[in-house]
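There are 4 protein chains.
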Amino acid sequence: MPLTPEQQAEIEQHRAASSQTRRATVPALEEILYEPIPVLDHGFVRVIDYMGDDAAIVQAARVSYGKGTKKITNDRGLIRYLMRHRHTTPFEMCEIKFHVKLPVFVARQWIRHRTANVNEYSARYSILDREFYIPAPEQLAAQSVANRQGRGDVLQGEEAVRVLALLRDDAAQCYDHYEEMLNEDADGNPRDPERQGLARELARMNLPLNIYTQWYWKVDLHNLLHFLSLRADPHAQYEIRVYAEAMLEMTRRWLPIACEAFEDYAVGGAHLSRNGIEIVRRMLAGEDVAQADSGLSKREWIELMELLGRS
Amino acid sequence: MPLTPEQQAEIEQHRAASSQTRRATVPALEEILYEPIPVLDHGFVRVIDYMGDDAAIVQAARVSYGKGTKKITNDRGLIRYLMRHRHTTPFEMCEIKFHVKLPVFVARQWIRHRTANVNEYSARYSILDREFYIPAPEQLAAQSVANRQGRGDVLQGEEAVRVLALLRDDAAQCYDHYEEMLNEDADGNPRDPERQGLARELARMNLPLNIYTQWYWKVDLHNLLHFLSLRADPHAQYEIRVYAEAMLEMTRRWLPIACEAFEDYAVGGAHLSRNGIEIVRRMLAGEDVAQADSGLSKREWIELMELLGRS
Amino acid sequence: MPLTPEQQAEIEQHRAASSQTRRATVPALEEILYEPIPVLDHGFVRVIDYMGDDAAIVQAARVSYGKGTKKITNDRGLIRYLMRHRHTTPFEMCEIKFHVKLPVFVARQWIRHRTANVNEYSARYSILDREFYIPAPEQLAAQSVANRQGRGDVLQGEEAVRVLALLRDDAAQCYDHYEEMLNEDADGNPRDPERQGLARELARMNLPLNIYTQWYWKVDLHNLLHFLSLRADPHAQYEIRVYAEAMLEMTRRWLPIACEAFEDYAVGGAHLSRNGIEIVRRMLAGEDVAQADSGLSKREWIELMELLGRS
Amino acid sequence: MPLTPEQQAEIEQHRAASSQTRRATVPALEEILYEPIPVLDHGFVRVIDYMGDDAAIVQAARVSYGKGTKKITNDRGLIRYLMRHRHTTPFEMCEIKFHVKLPVFVARQWIRHRTANVNEYSARYSILDREFYIPAPEQLAAQSVANRQGRGDVLQGEEAVRVLALLRDDAAQCYDHYEEMLNEDADGNPRDPERQGLARELARMNLPLNIYTQWYWKVDLHNLLHFLSLRADPHAQYEIRVYAEAMLEMTRRWLPIACEAFEDYAVGGAHLSRNGIEIVRRMLAGEDVAQADSGLSKREWIELMELLGRS
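So the protein sequences, as listed, match chains L, X, G and Y.
Numbering that gives the first Met the number 0 puts the first residue of the first sequence at 0, with every later residue one more than the last.
Numbering that gives the first Met the number 0 puts the first residue of the second sequence at 0, with every later residue one more than the last.
Numbering that gives the first Met the number 0 puts the first residue of the third sequence at 0, with every later residue one more than the last.
Numbering that gives the first Met the number 0 puts the first residue of the fourth sequence at 0, with every later residue one more than the last.
Some hints could be false.
You can't tell identical chains apart in this list, so a pair holds if it fits in one copy or across any two.
[To be verified] Here are the computed lysine to any residue pairs in the SDA-like style, where the Cα-Cα straight-line distance is at most 25 Å:
1) K297 with D263
2) K297 with L283
3) K297 with I10
4) K297 with L77
5) K297 with N73
6) K297 with H234
7) K297 with V144
8) K297 with E5
9) K297 with A54
10) K297 with A145
Derived from the structure by calculation, the hints contain no laboratory data.
These numbers were taken from a predicted model, which means no experiment stands behind them.
One chain only, chain L, in its complex shape:
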């Protein structure tokens, strides 16, 4: 894992401290607070802070519903109802803060989720570490033929060896030159006193997109779930999906009821179009519907049949 002994010690110190609070507290999440969960070869996710528990969703919804809800004693029922009917605002009342270490090309996908707060390590200000993402052999996939945006079979034999070597060597060489251009040793003194050293904000441009960066990322539950529904999805690129899966696991610890509802309705569910509903109704009525008379494009038809387990 990617931590120095100093970083490890800092984390342990954080974990050892404890205070009294009147706030809602979730012991299952406290257990892993600050602890980095490894992702990819040098990355991690760790929870830095959180606000709220399952009850906080109900509490906020009940202000919104006021006295009217005094008979709904079942929090789980209410949370599932809210999730099912897209009453999203009560889910915004929980908040979580992560510290994430991730390759730059993953960070570039991630940052497109705009409704979140971010502080990233600055390569204008500081020097990045020599850490690059190199895929594990079983992740070294060929281009998919069916889907321009996906992966096919795993590369084999010499091609795999060659690709790994290229990724490793180019990263190493680019980083060597980054250091050479910076001309700074570990103490910030010039390596070569004859040279000035290129500005950090310029030198970084020589680094490849698989170099690791890190950030603090804070988000409310509603927007976290939206992120997870897109990024823990099988269509998401593997390298971001493993982060989303680690975070989904943390969300299960944090908010078991809301997370279960999310997995039932959002992750495990599917959307039917107007036509799709009509076709299901016709099929349930015993009709033998074919693509030709379905009103669906071939692609939509295939997607629907897969969903209905008929392909």
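Following the hints, complete the assembly by docking chains X, G and Y onto the known chain L.
Only chains X, G and Y this time, still in chain L's reference frame:
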């Protein structure tokens, strides 16, 4: 204050419970957690939850600055630097959740701050309480003559008496008719069994804008400070300013260093235009600048002279 | 309709002017540009400006997809694909600006859609007109018994007459007193020279929630469609739904392809949960599934059977 | 410039077409519509679409001010007033859409401005072009000694030659290997029929941060001005500043009055702290204030003296 004994008891119960947490904790804010601070005649603000302390701002900024900051040992210095130079993202790493009871016309101003999470009590779903904001006599101000958007002197004598009576009587009558239209007693049974009762979502339209509503409002520190800089400002309407002032006081408890920086730079500071700077330079150089040769409009000139204590 | 001859003339003047532009232009929308479409008794919606057409969605998506799409000649296919697979960012590339006149209680629901730009008529600064929403007799509905948030049958006979009279009379009286408190005539002079007049920002609090306000509301297509999917829905309150329906009609003129895809997938579609999909599969396989062994709550079961046309 | 003849032809075709519109139109901006303005060695910015003109700001503000403004005949005065007093919402009523080609490390800074709509060219889906940013010799700056986040003198002699060679050669080699790993020729056929080719979404990770990407970026005027105030600022990194400066120039064409107000108040202005104001007042009163008795830190004192032209 506007609480029933049941509400008071619920709050006391909340306050009595306490847990262990590894999270950053702020004892000065814990002290008043859940406690409603009265605002206006029936309103309140209370802190429901919070995330982070002053150190959390530094912590997030240091990820962003990475190893580069190892020599800045002074958190206060860094926070003030960030505030002064509009490095706003570390301030987004703290979050706070309020429960607010407030008149509808105040809620309408407040909600225009969009970067926040809100759950409001629903008058579609529930019945609103008979509580209206009636200004204290010293707040019953005449229209300002100078500023279309401001207040002048306090109304006196018969006019004041008449205005207060109108506000009180119209509110009472509108609420009586609201109840009559709803045709529901305290247990949800029809008052008059001959009538059906108007839908709640329609009946509420008879209520005046000074009726109280309530909501949960959750916001990050950066956006909270932006809200406070606009709404704790002397140009803000008094009825929202008193909420902002109560929240500013809570923010001082929560994040004393960040809040001090905010008050020094944002609240107590002022913005000079390009021309304004030029004029100050000329004045400091001993020149006797007049509005005519200042390049400023009359209004801008007056504003600048006030700022410089020369009016 | 709610326009003075002066306002009508201003609009006609706007409509008469025409310029050359190199921008994407939509003749069907130009036809009704600036024209107020009546909604409710005194309200309207009109389109003030727009950016983009159906092709602009494709154009933006193709930057995102780059050269890869050179074979997709069918814009409609691409737009439907994007809609179906929740690739929402290309839909943010179209923008529309509305001028809306609407009752305050409708404005309060509307404003909760935060990702939009708003400028509202200020009752701090100006005097509101004497215009209130009074429901048409066929909209004067009783409280629903099944759904706390909905309407039941239409009120009949004396109850209906009484409710309409209350709404009308309270609005009239509150407005009379608003004017009396303001103490301003049409030219801004005091009605009663002995009195100062209450500040506008205070006097407005005597107005009921059915008074009309107006605003400019600007939004991108993705967020507009989200608004329409919630507010043109049968579960939305009638008084906001009629605005959403008028705007949906305008969107059909503006972006016929995107709007058709939206109506097929979003409006006319439905979401199935993980369990719901399982049940449909079992039913299609010939099994006779009952609620008891469905794993669904009674309420979810009823919703699913309705969707499948089996209730 | 970075355009192929086909791209050039497509742009010319766009520019040649023209339609009638009732919308607000700005001839000075129409003149350059679609035309790429070169930035850096291979980048550009071009305006794709816009909504609104200076009058649209006034129009929106006047809804918000309603009848109250009938005497303000001076649009310029109103726009300057709005800008000076941070009434920002009317500035959100104008919208502009850019197509930008820019190095990835610039894109990473840019994207942190979240209140905008973005569609980026996808390197998961498509193959990036062989285009890298190589600084011009006069931009090849050393690390600043005073400011960790800034540049010092320009590198000279052999060091400059060596740095340019490293940047060029590493980029070329990384791109060669990118192509080799992809194993696709210009027609999408395998170069080497024995190999499968690595998935695009993986191969891209070998590319350095100075490779060019492109996107559509759409933003409202208020958020554009915020972007420009930070990125056209001398403290911004040169490589993003040149984009901001090109866009500022376009904004001058688009909204001359709003842009002038922005340059007077925001760009050319400065913020004084509470203490700073006090010091200016003391100096204007003839006092000889020194840092020691100013209450300012040394750094703040230097910043203030520079602002006042006293350093």
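Now the hints, each set against the structure:
1. Taking identical chains as interchangeable, the C-alpha atoms of K297 and D263 lie at most 25 Å apart only when they sit on different chains, with a minimum of 16 Å there against 28 Å within one chain.
2. With identical chains, the CA atoms of K297 and L283 are at most 25 Å apart both within one copy (21 Å) and between copies (21 Å).
3. Neither within a single protomer nor between protomers do K297 and I10 lie at most 25 Å apart by alpha-carbon distance, with minima of 54 Å and 35 Å respectively.
4. For a Cα distance limit of 25 Å, the shortest separation of K297 from L77 across copies, 14 Å, qualifies, whereas the shortest one inside one copy, 39 Å, does not.
5. Only between protomers do K297 and N73 lie at most 25 Å apart by alpha-carbon distance; the minimum there is 15 Å, versus 44 Å within a single protomer.
6. Taking the shortest Cα distances, K297 and H234 sit within 25 Å of each other inside one copy (20 Å), while across copies they are farther apart (33 Å).
7. Proximity of K297 to V144 under the C-alpha cut-off of 25 Å is restricted to the intra-copy arrangement: shortest distance 18 Å within a copy versus 45 Å between copies.
8. Taking the shortest Cα distances, K297 and E5 never come within 25 Å of each other, neither inside one copy (58 Å) nor across copies (33 Å).
9. In the homo-oligomer, the alpha carbons of K297 and A54 lie at most 25 Å apart only across protomers (23 Å), although the nearest pairing inside one protomer, at 45 Å, exceeds that limit.
10. Within a single copy, K297 and A145 get their C-alpha atoms as close as 14 Å, which meets the 25 Å cut-off; across copies the closest is 42 Å, which misses it.
Of the hints listed earlier, those the structure fails to meet are numbers 3, 8, in rising order.
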